[in-house]
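Participant: Chains as they are written, first to last, in this note's numbering: chain A, 578 to 914; chain B, 9 to 508; chain C, 4 to 350; chain D, 4 to 350.
Keep in mind that the hints were calculated from the coordinates and are not lab data. None of these values were measured; they are calculated from a predicted model. Hints may be right or wrong, so weigh each one.
As a list, the in silico PhoX-like pairs of lysine-lysine whose alpha-carbon atoms are at most 25 Å apart [claimed, not checked]: (1) K727(A) / K820(A); (2) K100(B) / K151(C); (3) K810(A) / K729(A); (4) K352(B) / K151(D); (5) K868(A) / K685(A); (6) K663(A) / K606(A).
Listed here are the chains, written in short residue letters.
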Amino acid sequence: LTLTACGSSGSSGTTAPSEGGSAAAGGGKVGIDFPRADTDFWNSYNKYVPQMATELGIDLMPPTNSQNDVAKLVSNVQALTSQGAKAIVMAPQDTGAIATTLDQLDSKKIPVVTVDTRPDKGKTFMVVRADNRAYGEKACKFLGDQLKGKGKVVEFQGSLSSVNGRDRSEAFAECMKANYPGITVFAEPTEWEGTKASAALQTRLTQHPDINGIYMQAGGAFLAPTLQLLKSKNLIVPPTDPKHIFIVSNDGIPQELKAIREGQIDATVSQPADTYAKWALFYAKAALEGKTFAPGATDHDSTIVDVGGGRLEDQLPAPLVTKDNVDDPNLWGNQVK
Amino acid sequence: MMSPSAIPAVEARNITKRFGATTALADAGIVIAEGETHALVGRNGAGKSTLVSILTGLQRPDTGEVRFAGQLAPPLADRDGWRRQVACVYQKSTIIPTLSVAENLFLNRQSAGGPINWRSLRSRANELLDQYGVAVDAGRMAGDLDVEQRQLLEIARALSFGARFIILDEPTAQLDGPAIERLFDRMRALREQGVTMMFISHHLEEVYRVCQSVTVFRDARHVLTSAVDDLPHDELVAAMTGEAAAGYQARARTTSTAAPTVLTAEKLTMAGRFQEVDLTVRAGEIVGIAGSGSSGKVGLAEALVGLRVPDSGTVTVNGTRTRPGDVASALRAGLGFVPQDRHKEGFVPLLSIGENATMPIAHKLGRFGAVSPSRRRARAEKMIEDLAIKTTGPAQPVQDLSGGNAQKVVMARALADDPTALVVIDPTAGVDVRAKQALLGAVEDAAERGAGAVLVSDELDDLRICDRVVVMFHGRIVKEVPRGWADAELVAVMEGVDAR
Amino acid sequence: MTETTVASPGSPGGSPDKAPPPGGGHNGLGLARFRDLALVPAILVLIVVGALIEPAFLSADNLTNVLQQQTELSLLVLAEAIILIAGKFDLSLESTVGLAPALGVALVIPAASNGLGTDLPVALGVPICLLIGMLVGAFNALLILRFKLSAFIVTLGMLIVLRGLQIGFTGGQNLFALPESFLYLGNARWLGLPASVWICAVAYAAGIVTLGYFRHGRAVYAIGGNADAARAAGVRTDRVMWTVFVVAGLLAALAGLLMTGRLGSVAAAQGDGMIFTVFAAAVIGGISLDGGKGTLFGALCGVLVLGLINNILTLAGVSAQWIQAIYGGIILIALMLARLTTGKAQD
Amino acid sequence: MTETTVASPGSPGGSPDKAPPPGGGHNGLGLARFRDLALVPAILVLIVVGALIEPAFLSADNLTNVLQQQTELSLLVLAEAIILIAGKFDLSLESTVGLAPALGVALVIPAASNGLGTDLPVALGVPICLLIGMLVGAFNALLILRFKLSAFIVTLGMLIVLRGLQIGFTGGQNLFALPESFLYLGNARWLGLPASVWICAVAYAAGIVTLGYFRHGRAVYAIGGNADAARAAGVRTDRVMWTVFVVAGLLAALAGLLMTGRLGSVAAAQGDGMIFTVFAAAVIGGISLDGGKGTLFGALCGVLVLGLINNILTLAGVSAQWIQAIYGGIILIALMLARLTTGKAQD
Ligand SMILES: Nc1ncnc2c1ncn2[C@@H]1O[C@H](COP(=O)(O)OP(=O)(O)OP(=O)(O)O)[C@@H](O)[C@H]1O
Ligand SMILES: Nc1ncnc2c1ncn2[C@@H]1O[C@H](COP(=O)(O)OP(=O)(O)OP(=O)(O)O)[C@@H](O)[C@H]1O
Ligand SMILES: [Mg+2]
Ligand SMILES: [Mg+2]
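Model the full assembly from the supplied sequences, consistent with the hints where possible.
Facilitator: Set out below in structure tokens:
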């Protein structure tokens, strides 16, 4: 299972589109596929979608759920189009296997907005995502600075076959190598499974009791197992203690924020479930209204970049959350009830 | 015996075959002359079936060689080569339960080459079955057949090959009188056509009826080969058992009418199998139930012990009314039984003799539900000794036993709890003369100890130990015959000729 | 696995369209036909429900989609069904679905697009892909038949090894620089229907005819029913089993090829988790895990039932939160329906 | 499933390659014991390899880790092994691992922490969790024994339904706000060893003694080996099977409880995908899918083998890219080793 929680931005909705105002909700029905419903992050996203659709006045079809399975995604999209969707929002967790579907949608003149991932191939109207490489880099920089360039770090990798996991792993590894050669990194393959991470950390701590940093690529999956294990080893101590293990996470779920407040972990990269939902729907609507966009800064703290071949990507910011800014009410994790 | 110049049709020499510590055949052999019907006899576990599997190319002997008409047998991998030489009815079923009767008959030769024509295959099969007097629809699933029908199917299939040499390993063990007669007619006709046959049976009178010569195995070794006519019955038994022995003598017994009833059936009815059957068995009494095929006797016995659920009527064991279809309650009321199909209901093949035999008394072999292995072993060793089971010990899995010895384990299980009511169905099917005596003796012993027994069988020999025999015909009890009947009399009743 | 065994299908009528049973009487063939059709009521119910929920359900487009989406699954089910009928097991099929096309592609594309750098002629790609499927099948057969290892564990090990190899040599990357030949079958339409649907139909027809009407096909049933008896009857059991495994590998590679074409890339996880669904479809379709029982037609019905359930749940827009519970519940109900309509214990 | 048939017809030589018996008498017990020990060489090899790769491997700490990390798996394997020996199947255990603690927790925590709002007394949480496991087992038994549905499909359906229910009522959220009682067993240490290791040891000891030396335990073997014969010998097969399913459900819930405590939360996907590993361990440990064969000690060895392999791969720091291929390869090799040392065909 792939607990990919990813995205970017953290600041909430700066409204106002980069061009053109609202206009009447013409256009037609928007179909949306949820990638999964069994992680906190995507559940928040799933909750924001209908809310934002109402705000934007969009005629949203009942969302489908592809349960992290690209074959299901493909059949869901086919079902949505046969039910009359005029624009599609999706979050393909497998970025290669969606190419043909995108071509088919293109031939039917149905614009597609993808959230969280950028398809390897095929036409999209807009990609709304945070830069996953930036997650890895931010985590690397944070750990490197806290550890002052030396020490031992355990990294819970996601699944190699997930692009987000791979991006984070690669960026983390490159940054470590380039900037902090004094830090030894133990990359643990976990397939996004908490049990695997827990076992790997336990084994590694036995082998190297002096481990002093942990990077987990998904707080939703790894936070509780890690804390539980460290608790049982009495390793949850304030940063001033030499035994302190610096922990940086990705996701920004409420439990991570709580853990930061309580000093159990040190930082996380928050992904913007709300702005994902908001801007994805916004662009879907804009596409139906015939609007177009160009690369450049937007009015909501992000940049639209051309990632090649005229494909546009709105790169939402993903802030690093530490003790200093953990109470920012704009973080999506602070808005979840 | 054959003339020295003639080349024998089949020849196996110096065959040795071991299974682990068991030596199934030790330097044994057989020579069968062209066109004769040759009997192979021996006690359970003597190695007969092992020789069969070697003669049909299913197993490789450790040493020794097999020749057909002077030619060395084909290599093991060449199944077609073997099948051209020999057809066989194996002792263990080779019917594939998930396929139809027709397909089982023509397995691997359903068509000449092209696609299979199921309609014609079925009609060919029906013809073949008619020819052998087997009343089974070729379209049925073989798994739905009963033991006897399956046996007939095996025989029909083996005979249908047109092979010049046919092996029949205990073909009659599961058959009733008329079916055996039909088989013998068939065998005689084949012999007239010059077909060579090897015939295995524990019914020595059958050997005298259809065979010309006989080979005796004892303890994995060849003992003698002789013309049947030159070998009187007693000598044959002596050769098999290694000692002189007389036929089984039923013991005299008197049951008082005051003896308590141990087993009663009242108005027992099961649609299509038996109707309104009343039966009372007293302590110390053995009641036989006879009847020709499909008379309902087995169904009745199975309903008595709880293997089948009757539609109406009651069964009472030692004053306790048993729950229909609940074997455990019958056993707890003091019943022991031997089922007809030992492979299906008789034993768990992977488990040891000890465990199989003591399964119904497991609760008595220790406290708090524990089973003491040493007490189990002790009980099992006694059973092995009592019934003369040929085995390496109580820990041997039942699946490694020869057919007759497995049957004895089933008997041991039935007797394990010193039952006061005993129901045995075809107890001597496939067991050798001595074992038969042991098994019948065990039933009589139980009766002497005060048990009442029901013995279901087609074997007139078995029925002789009964104090009275009730005869069933078309699902009803038509007559009760007291001890001292004559064969012809009983058979007449069974066949419905004399249903006064 | 030996559950309340009951005699059943498999019967001479591998296929349902047989001559009428000889007048009256308890007839195995009749029962077999029943068993075969056990899922038909469930399918009808699903179609009615689908039409009621969403008119678009009955559109030719949607029905074609349902069929096309099930093609890869149905090829795998075909492969697994044959192996199960022969009394064995193959879990590794799902990995072959990924590995065979991945290796086929990687051997022919340039290293720059994540190829292996061998740069074999592109025309060899598809044949290599199919060949790899057969080799995997042959390797399974070797371990199971020659070394007498348990089919379950061998293929479980292979499941992991093959997937691991694919992740290993692709580094977990999707391959998307596909040669045209890999895309063709998954996308082409012949006579108005997707090519993959035709391929599937032909494969099933061939399977049904072979297993129903040819000696070697019947041998598969015989081996599954009682391998010793089959051997005694002169069936070359080993040779038949080798063929079965190799054909299954080939079918799995073909399924992988179709999936590659349909999705336009080879994902590192292609086929991952499918084997569960494959077993579900086969067993719901009446294939027994004990071997010797079941028909390919039944298995195909099993695939259709699952496909229809999926499609209807999607069309109905069931909430993401409860979709799985509802899906499982419907499978259980379909089962009971099948049980009620045939009145037979299952195994 | 009927592989290399053993109890077989066709010939007295159903099993052609019997191992030479341990010195002297052909002895069933001896053979069984051999089979039991089949994995011991593999375990020894792994230990030697582990020690060579990394001295820390042999530290008491690390070995304790290996044990603790396997506790949940081993409880599931225990449950599955008993069911397999009895000749049935249970795929739904992995969902019970998630559902039972999730429901237990959700019923006692306040709605604000994602509870169901029932706010039952916290003390009831753990008993409820275990009770749920037993209820799931009983429901499986009901469908399989009373309605005579196929165990494979019933539990496959239940696998999906139970997971779906968990996702449904938690909305896919992990439950973090756990009462202390749920954390205790997964974290406590008794006499220097993790409590979960003791629990496991006791469960296995009880299982081994019961299956080896108690009437009801032997009945499980008898039912798996030949249910008809067991019934004919007076074994109340249905009652035994009910007990087996309920106990298995209980063990799965217990495993879920331990996992919840160890990981400090109930993930929506807790237990997801474990059933594969469960089967792998059981079958590698010599449990036959045909029923009636195998021992719990063997199954435990299977768990240990998998645990050691995992631990060594982690210690060795094998690259993520190749770890799966290597893992699968080692499993295959361990298998062959087991085959060589016992000289028996597997099934
Ligand atoms: N596969 C086997 N494994 C172990 N022992 C075997 C096997 N097959 C046969 N035996 C042993 O070999 C001996 C000879 O068995 P065989 O079946 O040939 O006897 P038989 O003469 O046919 O007896 P019966 O009259 O009871 O059928 C027996 O002691 C039996 O236990
Ligand atoms: N499983 C069954 N279901 C329904 N009817 C059966 C079944 N088995 C047997 N019968 C029928 O029940 C009737 C009585 O069978 P039963 O086996 O009790 O007779 P039997 O006296 O033992 O005959 P045989 O000597 O041929 O075994 C027969 O007509 C038989 O065809
Ligand atoms: Mg014999
Ligand atoms: Mg009978």
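Participant: Now tell me if each hint is right for this structure.
Facilitator: Here's how the hints hold up against the structure:
no.	hint	verdict
1	K727(A) / K820(A)	holds, 14 Å
2	K100(B) / K151(C)	holds, 24 Å
3	K810(A) / K729(A)	holds, 17 Å
4	K352(B) / K151(D)	holds, 20 Å
5	K868(A) / K685(A)	holds, 18 Å
6	K663(A) / K606(A)	holds, 5 Å
The structure fails none of the hints (numbered hints given earlier).
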